[in-house]
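Got chain A sorted already, so can you dock chain B onto it with the hints?
If you want the building blocks of each chain, they are given just below.
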Amino acid sequence: MNKKLIDEIITTFKNTKCQMIENKRLIINTKKDIIHPLLKYLKDKEFTRLALISCVDWINDNEFEIIYILTSYLLEHEKSEINVIVKTRIARDKPQIKSIIPIFENAEFYEREICEMFGVHFEGHPRLISLFLEIKYDIPPFRKDFILREFCENTFDKIPPVGDEK
Amino acid sequence: MDRNNIKHWLKNPAKMAHKYSLTVTYFCTGCGIIEIPPTITARWDAERFGVTPGASPRHANLFLITGYVSLKTLKAIIRSYEQMPDPKFVVAFGSCPINGGMYWDSYNTIKSLDKYIPVDGWIAGCMPRPETIFIGVTHLWTLIDKEMADGYKKYKKNYKFYRKNQEMLYGKLDWEPFYPIGGDNE
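For the record, the sequence lines run as chains A and B.
Letter 67 of the first sequence, counting from 1, is numbered 67 in our numbering, and no numbers are missing.
Letter 173 of the second sequence, counting from 1, is numbered 173 in our numbering, and no numbers are missing.
Pulled out of the complex, with its shape left as it was, chain A reads as follows (with noise of 0.2 Å):
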């Protein structure tokens, strides 16, 4: 079953590697532009519901890898007890990628954290404004470049005590 997926999704999308980690796990690595009717294609088999979209920060390569994360809510003798994982890697100076919103509804919450987190701009969503941040910052603050401590130092330590004034 397994082997029938890998050898199907190999044929129908070019440019895709795959690889089985402990039985359990399908990485997939695959263009950004093959992202869309990936996807679709996955939801259609089992997999139909997305867990997670996450984000890594390769700033030696000078890219950014965005994982999609899919799981099958079928019943235990039925699916084929597999996690699949997408990954993609984008470029690190101008971040772009399509919104998978009309796939799966609820990347809206993760896609809007990422731009938030990571500054990856989603061609297509409809609200992309901050979710969890209150402040502006000038680099997005999960990215590799963002030093902490300098910012601590430059927002928080700068502001004064308030003493007794008499």
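Heads up, some of the hints might be wrong.
Said to hold, decoys possible - Straight-line Cα separation of at most 27 Å, DSSO-like style, residue types lysine-lysine; simulated pairs:
id, chain 1, residue 1, chain 2, residue 2
1, B, Lys153, A, Lys136
2, B, Lys115, A, Lys158
3, A, Lys158, B, Lys153
4, B, Lys172, A, Lys136
5, A, Lys158, B, Lys164
6, B, Lys75, B, Lys157
7, A, Lys158, B, Lys172
8, A, Lys136, B, Lys115
9, B, Lys154, A, Lys158
10, A, Lys158, B, Lys72
11, B, Lys164, A, Lys136
12, A, Lys98, A, Lys40
13, A, Lys158, B, Lys156
14, B, Lys75, A, Lys158
15, B, Lys157, A, Lys158
16, A, Lys144, B, Lys72
17, A, Lys136, B, Lys160
18, B, Lys75, A, Lys136
If you are wondering where the hints come from, they were derived from the structure by calculation, not from laboratory data.
Chain B alone, transformed into the frame defined by chain A:
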């Protein structure tokens, strides 16, 4: 409670009432709230000290901030603090509100709470045990007796500076000043 102190209480009954009926708003900002259920229930029984949980900040006079304070929570803390009736006391619980604790270089956690609202007492530790709340409360009694727990008066007096600090952090605040700025707040 010492019966010999009755004379002392009768001098200022209001002070005694403040001391022995502290109604608390537990502000569940972080991990410190884990220590609160055993404190207010049978194991440690905070009611022995007159400490009871309050339903809303408008009914409370002790504000216990348990845990780290993120930028979003600080807004809620300021607004809840301003709603509390006088006299009000603030106790910061845990090392995070004191100097940041383990969040000392976090991008989204404020480092010292007393730059934004006045704090009357600190309970250090990560985590402090429930007994420390009672030690803190008994210390607060002595402070109230000596009229040293006057954070709410300081807030009124130095409101200009507190508001300035709050605005330094957030830019523009989306609520009106609580006290008139520039006027004499004595």
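We went through each hint and held it up to the structure:
1. Lys153(B) / Lys136(A): 33 Å, violated
2. Lys115(B) / Lys158(A): Roughly 11 Å separates the two Cα atoms, so the pair holds.
3. Lys158(A) / Lys153(B): 25 Å, holds
4. Lys172(B) / Lys136(A): 12 Å, holds
5. Lys158(A) / Lys164(B): 13 Å, holds
6. Lys75(B) / Lys157(B): 20 Å, holds
7. Lys158(A) / Lys172(B): Holds, at roughly 18 Å.
8. Lys136(A) / Lys115(B): 20 Å, holds
9. Lys154(B) / Lys158(A): Cα-Cα ~22 Å, so holds.
10. Lys158(A) / Lys72(B): Holds: lysine 158(A) and lysine 72(B) sit about 19 Å apart, inside 27 Å.
11. Lys164(B) / Lys136(A): Holds, at roughly 18 Å.
12. Lys98(A) / Lys40(A): Cα-Cα ~14 Å, so holds.
13. Lys158(A) / Lys156(B): Cα-Cα ~23 Å, so holds.
14. Lys75(B) / Lys158(A): 19 Å, holds
15. Lys157(B) / Lys158(A): 22 Å, holds
16. Lys144(A) / Lys72(B): 23 Å, holds
17. Lys136(A) / Lys160(B): 24 Å, holds
18. Lys75(B) / Lys136(A): 15 Å, holds
The structure shown violates just one earlier hint, number 1.
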